[in-house]
Amino acid sequence: MSIIKKGLKAKVTPIIVVTILAMILFQVRNNSYLSLNNLKNLMHAMSFAGTISIGIAMLMIGGEIDLAAGAEAAFSGVIITLLIERGVWWPLAIPITILFGMLCGVITAIFVNKLNFMSFIATIGIMSVYNGIIRVITQSKNLPISYQGYYKVGSTLIFNAIPLPFVIMVVLMVIYGIILARTNFGRNIYMIGGNRQAARLCGINQKKLSTILFINNGAIAAVAGLVLASRMHSGSPTAGDTGALDAITASVLGGVSFMGGAGAMANCFFGILLLTVFNTGLTTSGLPPYWQIVAQGMLLLLALFVDFINERSRIKNLERRNAA
Amino acid sequence: MKKIIALLLVLCLSLALFACGSKDKNTPTPPAPDTPTASTDTGTPPELPTDSTAGYASDDVDWFARDKYHFVYAFTAPSPLVDTMMNAWKVLGNVYNFDVAESTGNGDAEAYVQNLEVMANQGNVDGFFMDCDPTIQNRVIELLDEFNLPFVCMFNPMYDSSGAAIAPTLALDQYQSGYDSLQWLIDNQKTYWPGDVDPATIGLLNLDWSTSPPLHDRCVGATDAFKKAFPGNTNIFDADGVTAGNINAEVGYNLTSQIVAAHTEIKYWFADACVEDFAQGAARYFETLTTQDNILLTDVGSVMLAIEWDSGYDGAWKACYAISDYAYAGPAALGLIALADGRATPATLWPERRAAGDKATIWIAESSIVTKDTYKEYLTGIDKKYGAQ
Amino acid sequence: MEQQKSKFRIGNLFKSKMLTLILLLAVVVGVFTIMSKGQLLNPKNIRNILQSITLVSLLTIGAGMLMIGGYVDLSLGGIGTMAALITAYALRAGAPWYLALIIGLVAGAVTGAFNAVLINELRFQPFIATLATASITQGLGYIVNHGQQIDIDNPVFNFIGTQRIADFIPYSIIISLVLLAVYGVMLKNTKFGRSMYLVGGNPQASLLSGLHPKRVSYILFINAGVLSSLAGILLAARLKTANTTGIVNQQFSGMTAAILGGISFGGGSGGMGGALIGILILNCFNNGMTIVRVTPYWQTVASGALLLIALAIDFLRISRTKKVS
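Protein chains in written order, with our numbering: chain U, 1 to 324; chain F, 1001 to 1389; chain V, 2001 to 2325.
Just so you know, these hints were derived from the structure itself, not from any lab. A hint or two may mislead.
Here are the simulated lysine-lysine pairs, DSS-like style, with alpha carbons at most 27 Å apart [what the hints assert, rightly or not]:
# : chain 1 : residue 1 : chain 2 : residue 2
1 : F       : K1228     : F       : K1267
2 : F       : K1190     : F       : K1227
3 : U       : K316      : V       : K2214
4 : F       : K1384     : F       : K1372
5 : F       : K1068     : V       : K2044
6 : F       : K1090     : V       : K2037
7 : F       : K1090     : F       : K1376
8 : U       : K152      : F       : K1372
9 : F       : K1318     : U       : K152
Reference excerpt, derived from the structure (chain F facing chain U, CB under 8 Å, subset only) [claimed, not checked]:
#  : residue
10 : P1080
11 : A1239
12 : D1240
13 : N1246
14 : A1249
15 : L1255
16 : S1257
17 : T1264
18 : R1284
19 : T1288
20 : V1303
21 : I1307
22 : G1312
Ideal placement from N, C-alpha and C gives every residue a C-beta, glycine not left out.
The following block holds chain U by itself, in its conformation from the complex:
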C-alpha cells in the first residue's frame, strides 16, 4: 500500500486535518496567525507539555501511566536552579539533573513493579509528595537563575527561527519514534501494553521493561523541566502542575492508546499541536473563560469519538475482508 494511502487511513489523520483547518481559520480571522513570530510562540508553547508527552506516551503504550511527571519536571527545574546558583558549571548541571530525573523514575518503578501498586494511584501519591517537597525547598517562591549563561538553552533560535526547546522535543520524538517502530525493544513495549500475558509467554520481562520506561520518563521529564527553567529564568514549584494532564491529553488526542498502535510519536506531536493551536485560538477568541473550559473538555471527547469511529470502521473493514 502506498504511503499516501497508509497515511490517509492512519488514526491521526483526522487530527491533522482538524489542526490544519483550525490554523487556516485563525489565519483568516487574524492575518498574523501564521507569521513567524506567532509560529515561534506556538513552538515555545508546545515544548514543555510536548516533551513530557514523549515519556508518558511510551508509558501508556506499555500499559502504565505517570501522573507525577509534571511534578518531576518542576522538581528538576528547581534542582538545576539550585545547582547553577551554587556555581556548578551548567553543561555539567544538565546531566546531573537528568540523573536526578532518572532517580525519580527508579523510585516510581520500585513502587509500581516491586510493590505492585497500580501506577495510576501510586503516581498520584508520589505527585503529592514531590509537590510538597519542592514547595518546602523553594518556600513557594520561584527561585531565580541569575547566571545568564544558562539562558541560552531556552532562548536560542536554530537558524534564527526555531526555538531550541522545540527542536529538542522534535529530536527526542524522532529518536523514540524510531525506537518504537523499528527495534525489538519498541515492539516489546507494545506487547506488554497490549497483552501482558502473551508478552510474558513470549519471554519478555515485563517488569524490567516497565522499570526502564519509568526511568526513561523521569529523564525526559527532567529535560522538560530544565529547559523550562532556562526559558523562565527560574526554578518554579508550580511549573509542572498541569504538565502531566496536558501531556496525557495531547497523547490521547493524537491517538496514542493503551492498546497500542503505530506512529505513537507522530501522534504525540500532532496531539500537542492541536491542543496548543486550540488553546491559542481560545485565548485570542475573547470567549468567556467558562466556555473555554467546556470547549477543552469537548475537544477531548471529540478526539475520543473520532478514535472510536476509526476503530469501528477498521474492524468492519477487517470483518468484511475476512468474510469475502
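Add chains F and V to chain U, keeping to what the hints say.
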C-alpha cells in the same frame, strides 16, 4: 519486600515527627475548663480605652506583662506572600510577645473551614489573622461569631449584607492597586517612549485571573486607568489564565505571546498582570522581542520583581506596586493584640482611619509604586517603619 | 458448594483485613494523641473529626463501589461541584428545597450515565473518559452563574448543613452513616452486591455466569454520580454557598480512603466496613497533622505518603493471602 514496607512506614513517621520538631515547639496547653475567651483573662481586667491610641506600637502597654499570645493565621493556600507574613510575624512576635501558627485548607474550602474549627477548639488560641476566600465568607463569619475570638482580616475585607466592613482589616485596595500601577506607567511613559506616539497604536494587555474577585479587580482598575487616559481607545486585550488552569510563569508567557503576536498593529504596549507569576512569564516573552523598548509592564506585588532586580534585570517590567510584608504584618499584629487585650473592640479600633459606612476599619496598608532605582530603599524603609529589626 | 467456598475465603480475607485496618487506625490515633498531648481526643476535636467525615464518606462510597467493579472515575469532584451550583441556582430561582435537591441529584445521575455511555458504548478507557467529563462538568459549573458563587439561604439546607444533635453530632453525618450501612449490607448480603465483586474481579467469568457487566457498570456510574452530587450539595449547604471549586479537591481523598479501607484497585475485593475505617484513618490523620501544627507543605507530602502506605498495606495483604492459598 516486607522490609521495604517497614522502611517506608518508619520513613513516613519520622518525616512527620521531623516536620513537627523542626518548627518552633508550640506546646499546646490543656484546654481551659471554661469559655474559650478565658485566655484574655490576665488577672486585672484592662480598662477600656477612651481615646483612639489602641492598636499602635506607641501604645503605652507593657507587652510582656501578660502571657504570650497564640495567634493563628488562617489562609486559603500556601504562597510566598503567606511565608513573608509568617516571617514578619516571627520577628514582630519577639518584640510584642506573641506567636503565630498556620491553618489552611490547601486550596480546599471545606478543609479550610474544618481546620479553622479544629484550631479554635484547641482552647489556646487568642486570635485569628483571617485571609478567607470571599465566596465562603458568610459561613466563616458565623463560625468566628461562635468562637467568640478576636480576629483581624488580611488583604480581603469581610462585608455584611449591606456592604459594610465588619472587621478590622489590613487591606490592599485591589482596584486601586491595579489602577495606580498602570497610571504610573502612563504618567511616566515619556521616560521610556519617544515624544509623539500615535495613540491609535497603543494597546493594553491585561493578564487576568477572572475567577478570583480580588485579583480580577486589579485588572479592572488597570483597565479603567487606561480608558481614562486614552478615551475611545479600543485596543484593550484581556488574557485570562483560568483556562490554562494554573498560576505560573509559563502560562503568563503563553498568554502574552499569543495576544501580542496576534496584534501586530499595536506598536506600543501597556501590560499589567494581576499576579507576579504572570508578569514574570510576560517579561520573559518580552525579552525575546526586538521591540521590547516599546513595552511597559507592571504588576501588583513586589516579591518576584525585587528578586529579578537583585539579579540585574532591566527589561520591559519597569515597575510594580510594592507590597511590604511589615506594612501589613505590623499593624495587623498590634490591632489583634489590642483586641485580645480588650483595649479595643472592632468598632473602636483605629477609628481615625475608618471609611464612612463601615462598622470596622479597613486599614489600607501604606504602599507605593517602586522602580529599579527606588525599590531597595523603599522596601527596607517601610519594613523598618513597621517594626522590622 | 462453589458459593460457600468463595464466601469462606472472602470471609477470611475480610477478617484479617479489618484487623489490620483497626490496628492502623489505633496507631494513627495513638501517635497523634501522644504528639498532641491528648488534644486529639478532646471532645470538641472529635466533633470536628465527625464533621469532616461526612462528605468524604459519600465520595468514598461512590468511588469505592466503582473500584470494586473495576472502574475509576475522575469526574466525581466536578459532578459534585456542578450539582451544587445547579441546586443553588434552582433555590435562588424559587424552587422548594426538595425540588432543588432532586434537580441536583438528577444532574449527577445524568452525568454518571454519560460516563457509563462513554465507557460502555464508545469503549473509552475509564480514566480518559472521566477526565473529559471532569473538564466538561467544571465548565458547565462555570456557566451556571458566570463563574460567580451562588449563596444558599434556605432554612432546610442550612439546618442539615450546619446544625448538630446535642451540639455534637452533625445531622449530615447521619446521612453518611446510614448510606454506608445500606451499601455495606447490600454489597455483602444481596445477590446484586456479590455479583459486583465478580464483575470487577473477573469480567469474563461474570459474563459467562449470566451477569450483565454493562448493566452493573451503568448502575455504578449513576450511583457514583448521585452520591457525588449529594456530597457537593451538602458541602454547599455547610458553607452556605456553592462555588466553582466545591468538592473538586476532595475526590482523591475519597479514593484514598477507599484504598486505605481495603478496596483493591484491581477490583473485586473490599467492603464498606473497611471503607469507613479508611475514612476514619484519613481524617484522624489530617486532623492530627493540623493539631500538631505541621506546615501545609509537609501536610501535602504526608497525604501523598499516606496514600502510598495505604497501597503498601494493600500489597502486603494480597501477598499474604497469596501465600495462604
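Checklist entry - For the pair supplied as a hint, K1090 (chain F) and K2037 (chain V), is the alpha-carbon distance within the 27 Å limit? => result OK: K1090 (chain F) and K2037 (chain V) at ~24 Å, within 27 Å.
Next on the checklist: Checking one constraint from the list: CA of K316 (chain U) to CA of K2214 (chain V), max 27 Å. Satisfied?
Outcome noted: Satisfied, since the Cα-Cα distance of roughly 22 Å is no more than 27 Å.
Checklist entry - Is it true that the CA of K1384 (chain F) sits at most 27 Å from the CA of K1372 (chain F)? => result holds, 20 Å
Checklist entry - Holds or violated: are the alpha carbons of K1190 (chain F) and K1227 (chain F) at most 27 Å from each other? => result At roughly 18 Å apart (the allowed maximum being 27 Å), K1227 (chain F) and K1190 (chain F) satisfy the hint.
Checklist entry - With 8 Å as the cut and Cβ atoms as the points, is A1239 (chain F) at the interface with chain U? => result Because about 6 Å separates A1239 (chain F) from the closest Cβ in chain U, which is inside the 8 Å limit, the hint holds.
Next on the checklist: Would the hint on N1246 (chain F) be counted as holding, given a Cβ-Cβ threshold of 8 Å to chain U?
Outcome noted: holds, 5 Å
Checklist entry - Per the CB criterion, is L1255 (chain F) less than 8 Å away from chain U? => result Status holds, d = 6 Å.
Item to check | Hint validity - G1312 (chain F) Cβ closer than 8 Å to any chain U Cβ | outcome: holds, 7 Å
Item to check | Status of the D1240 (chain F) interface restraint (C-beta, 8 Å, chain U) | outcome: holds, 5 Å
Checklist entry - Any CB of chain U closer than 8 Å to the CB of A1249 (chain F)? => result OK, holds: A1249 (chain F) within 8 Å of chain U, min 4 Å.
Checklist entry - Is K1228 (chain F) close enough to K1267 (chain F), meaning Cα to Cα at most 27 Å? => result Between K1228 (chain F) and K1267 (chain F) the Cα gap is close to 20 Å, so the pair holds against 27 Å.
Checklist entry - Should the interface hint for T1264 (chain F) be scored as holding, given a Cβ-Cβ cut-off of 8 Å against chain U? => result holds, 5 Å
When held up to the earlier numbered hints, the structure conflicts with none and fits them all.
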